[in-house]
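Protein chains: 2
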Amino acid sequence: MSVPQARRGRRSSGDHSREAILTAARRLFAEQGFEGTSLRQVARESSVDPAMVHHFFGGKDELFAASVELPADPAEVLAGVETLDPAVRAEAIVRAVLRLWESPAQHGLVAYVRGTLGSKSKTALMREMVNRVILSRVVAGLPGTPEERHLRSNLVASQVIGLMLVRYVIKLEPLAGAAQEDVIKMVAPTIQRYLTGELDGPGATT
Amino acid sequence: MSVPQARRGRRSSGDHSREAILTAARRLFAEQGFEGTSLRQVARESSVDPAMVHHFFGGKDELFAASVELPADPAEVLAGVETLDPAVRAEAIVRAVLRLWESPAQHGLVAYVRGTLGSKSKTALMREMVNRVILSRVVAGLPGTPEERHLRSNLVASQVIGLMLVRYVIKLEPLAGAAQEDVIKMVAPTIQRYLTGELDGPGATT
Numbered sequence: 046m047s048v049p050q051a052r053r054g055r056r057s058s059g060d061h062s063r064e065a066i067l068t069a070a071r072r073l074f075a076e077q078g079f080e081g082t083s084l085r086q087v088a089r090e091s092s093v094d095p096a097m098v099h100h101f102f103g104g105k106d107e108l109f110a111a112s113v114e115l116p117a118d119p120a121e122v123l124a125g126v127e128t129l130d131p132a133v134r135a136e137a138i139v140r141a142v143l144r145l146w147e148s149p150a151q152h153g154l155v156a157y158v159r160g161t162l163g164s165k166s167k168t169a170l171m172r173e174m175v176n177r178v179i180l181s182r183v184v185a186g187l188p189g190t191p192e193e194r195h196l197r198s199n200l201v202a203s204q205v206i207g208l209m210l211v212r213y214v215i216k217l218e219p220l221a222g223a224a225q226e227d228v229i230k231m232v233a234p235t236i237q238r239y240l241t242g243e244l245d246g247p248g249a250t251t
Numbered sequence: 046m047s048v049p050q051a052r053r054g055r056r057s058s059g060d061h062s063r064e065a066i067l068t069a070a071r072r073l074f075a076e077q078g079f080e081g082t083s084l085r086q087v088a089r090e091s092s093v094d095p096a097m098v099h100h101f102f103g104g105k106d107e108l109f110a111a112s113v114e115l116p117a118d119p120a121e122v123l124a125g126v127e128t129l130d131p132a133v134r135a136e137a138i139v140r141a142v143l144r145l146w147e148s149p150a151q152h153g154l155v156a157y158v159r160g161t162l163g164s165k166s167k168t169a170l171m172r173e174m175v176n177r178v179i180l181s182r183v184v185a186g187l188p189g190t191p192e193e194r195h196l197r198s199n200l201v202a203s204q205v206i207g208l209m210l211v212r213y214v215i216k217l218e219p220l221a222g223a224a225q226e227d228v229i230k231m232v233a234p235t236i237q238r239y240l241t242g243e244l245d246g247p248g249a250t251t
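Chains as they are written, first to last, in the numbering used here: chain Y, 46 to 251; chain W, 46 to 251.
These are computed hints drawn from the structure, not numbers from a lab.
Predicted, not measured: the structure shown is a model, and the values here were computed from it.
Derived pair list, reagent style BS3-like, types lysine-lysine, alpha-carbon separation capped at 25 angstroms:
| no. | chain 1 | residue 1 | chain 2 | residue 2 |
| --- | --- | --- | --- | --- |
| 1 | W | K216 | Y | K216 |
| 2 | Y | K216 | Y | K230 |
| 3 | Y | K165 | W | K167 |
| 4 | W | K165 | W | K216 |
| 5 | Y | K216 | W | K165 |
| 6 | Y | K165 | W | K165 |
| 7 | Y | K230 | W | K230 |
| 8 | Y | K167 | W | K216 |
| 9 | Y | K167 | W | K167 |
| 10 | Y | K167 | W | K165 |
| 11 | Y | K105 | Y | K165 |
| 12 | W | K216 | W | K230 |
| 13 | Y | K216 | W | K167 |
| 14 | Y | K105 | W | K216 |
| 15 | Y | K105 | Y | K167 |
| 16 | W | K105 | W | K167 |
| 17 | Y | K216 | W | K105 |
| 18 | Y | K216 | Y | K167 |
| 19 | W | K167 | W | K216 |
| 20 | W | K216 | Y | K165 |
| 21 | W | K105 | W | K165 |
| 22 | Y | K165 | Y | K216 |
One-sided and incomplete, this derived list gives chain W residues near chain Y with beta-carbon spacing under 7 angstroms:
| no. | residue |
| --- | --- |
| 23 | T168 |
| 24 | R172 |
| 25 | G207 |
| 26 | D245 |
For glycine and all other residues, C-beta sits at the position ideal for the given N, C-alpha and C.
Okay, chain Y solo, but in the shape it has when bound (with noise of 0.2 angstroms):
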C-alpha cells in the first residue's frame, strides 16, 4: 500500500486516468453488463491507451471489482460455500453473511447498500456484480439447467437482500437485535429449500 516517494511528482496524472478509466468502466458495465464490455472500449471511452489499463487493473475481473468497490472481498466472505455438498449449503452461507455484517465493515456495507439502491446506474452494476461475484459461488455445483440455477440463485438472493435490509439497515425489532443462532434457524431452511428443495411442490399455493 505504500506509494513510492520518488513518483509522487507524477501521481497526480496517474491517479487522473486511473480515475477516467474507473469512471468509464462503472458506465460501460452497468450499460453494458460484464459480458458486453470489452477493455478496449473502456480505454477508448477514457481516452487512455489499452495497455495504461492492463498497467492500473490486470485483467477485466480485476477492473470490474475495483469499479464496483465493494466494502468486502465476496471471494472471502464466501470461501468454502461452494465446495460444500449444496444439500447442506444454506446454513454456512447465512452463517457467512451474519459473520460479515457484524463485523467492522458493517458501516461500510450499510453505505454501500443505501448508496447503490438510491442511484440506478449504481443499482445496474450491483446486479452484474451480485451475478458474476456472489450468486455463481452459491449456486456452484447445483445440479438442473442453467435456467433453474439461476432462478434458484435468484430466490435465495432475494431472502438475503431481505434479511441484511431488515436486520441491518431498516433494523425491525425483534429481528434486528435477535441472536445469530436463532436467524439461522429460521432463514437457513428458506434458502435450503430454494438451493435444492421442491420450488413448485404441493401445497406451494392452496
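Got chain Y sorted already, so can you dock chain W onto it with the hints?
Just chain W now, with coordinates in the frame of chain Y:
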C-alpha cells in the same frame, strides 16, 4: 383536487404552514417513533398552533400517513388479508404485493424505495410505517405472544422486501421476468412458514 381561485392569494402562507408541519412530523416520527411523538410537539416544532395541525391533517394517524408519502395505500392493497385464516394467508399476501408492484404504481414505488433506502432519516420513517401500517395487518389474528408475532412479521417482511428488490429494483433474471403464478408458488411457502410454521424445528440446522 381543484383549488378555489379566490383563495389563491392566501395559499402560500397555508402551504408554508402545511409544509412546516410535515417537515417537523417527518423528523420527529423518524427520531422518536409514532408512539413517542405528539401532535402538540409537532405543532411546537413547526411554530404553528396545535389547532392548525388538526385543521390540516385531522389526527395523528392521518399526519403520519401524509408525512410518509406512500405511493399506494397499504390498507387498500392488503384489504382482506387480515381477515383471512392465518393458515392460508401467505398466498394472498404475495398476490397482493405482486399485483401492486405490477400496476401503474410501480414507477412511484421504485422511486419511493430508492429515495427511502438512500436516506437514514427516511429509513427510520419507513420502519415506523412498515411496523404500524403493513405488518400489523399481515399478522393480525395470529396466535402466540406479541414478541413471537412481531418476529414472524419481521421474517415475512424480510422475504417480501427482498423479493420486491430483486424482482423490481435490482431486476435479477430470470426471477424479474418470471410469471406471477410461478413466483407465488415459489415464495408463498416461505411466507406461510414464517406466519404459522415451526420456526425452530428439526432440520433447521444440519
